[in-house]
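Trainee: Sequence:
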Amino acid sequence: MWSGRHGPAWAIKGLYFWGRLMARGAFGRSVFATALGLGLAGASAASAQVLSIGDDGAVTTYSGPAVHTDESVALIAPPAPAQLTRIPSEEMGRLIQESSARHAVPAPIVEAVAWQESRFNHAAVSSKGARGVMQLLPTTASDLGVDPSDLRGNIDGGAAYLAQQLRRFGDVKLALAAYNAGPKAVERYGGVPPYAETQSYVRAIMARLAATAAVGAGAP
Numbered sequence: 002m003w004s005g006r007h008g009p010a011w012a013i014k015g016l017y018f019w020g021r022l023m024a025r026g027a028f029g030r031s032v033f034a035t036a037l038g039l040g041l042a043g044a045s046a047a048s049a050q051v052l053s054i055g056d057d058g059a060v061t062t063y064s065g066p067a068v069h070t071d072e073s074v075a076l077i078a079p080p081a082p083a084q085l086t087r088i089p090s091e092e093m094g095r096l097i098q099e100s101s102a103r104h105a106v107p108a109p110i111v112e113a114v115a116w117q118e119s120r121f122n123h124a125a126v127s128s129k130g131a132r133g134v135m136q137l138l139p140t141t142a143s144d145l146g147v148d149p150s151d152l153r154g155n156i157d158g159g160a161a162y163l164a165q166q167l168r169r170f171g172d173v174k175l176a177l178a179a180y181n182a183g184p185k186a187v188e189r190y191g192g193v194p195p196y197a198e199t200q201s202y203v204r205a206i207m208a209r210l211a212a213t214a215a216v217g218a219g220a221p
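Take 2 as the starting number for the sequence shown in our numbering and just add one per residue.
Just so you know, these hints were derived from the structure itself, not from any lab. Don't take every hint at face value.
Said to hold, decoys possible - No farther apart than 27 Å at their CA atoms in a straight line, the calculated lysine-lysine pairs in the BS3-like style are these:
#1 K185 / K174
#2 K129 / K174
#3 K129 / K185
No experiment lies behind these values; they were computed from the predicted model shown.
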């Protein structure tokens, strides 16, 4: 994972729809309503931020009340069960949910990044010194104000960094590419960098997201 700066923390107000995530890297139109400072004193439901992920993966944020989404979007590819053979522990799953809510990043995205980065192994350390389930570099963790050796801090730092990249690029694939190769590389190439590792990284995460959506779509 690349380094970045700490951005403002957002919290989920309501997540009404995720399960119609489209396969092949395309997202069913989903809207995530968030409120700044939810759970803190003085939080107001009237002051909401809405994170919309469109059919093409583009991310849009705007102010408004909590909204429901169109759930008529159909999945266009079958699930890939092999993509879901590893799942986070109960504690890790809870921390992913909490950090996702705090930073207004859909939990399936944070979970998919954790899976790709470390296969949910918090003891993982890369050759470049990236640590933990979200593979935070020491400089990144310092910028984010988290302890990468602490499971909660590691996940929260990764979610915060993902939120930064989603706001910066307004596109899920570009945010994932920035997490892997760094935002400057994404800006330099005007898209997902032509690095084999980064191209594979983005494809793998999008495939897991599609598989997650397929499983969710089949739930009662």
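Trainee: Are the hints correct? Go through all of them and say.
Mentor: Taking the hints in turn, this is what the structure says about them:
| no. | hint | result |
| --- | --- | --- |
| 1 | K185 / K174 | holds, 15 Å |
| 2 | K129 / K174 | holds, 23 Å |
| 3 | K129 / K185 | holds, 18 Å |
Going down the numbered hints, you'll see the structure goes against none, and every one checks out.
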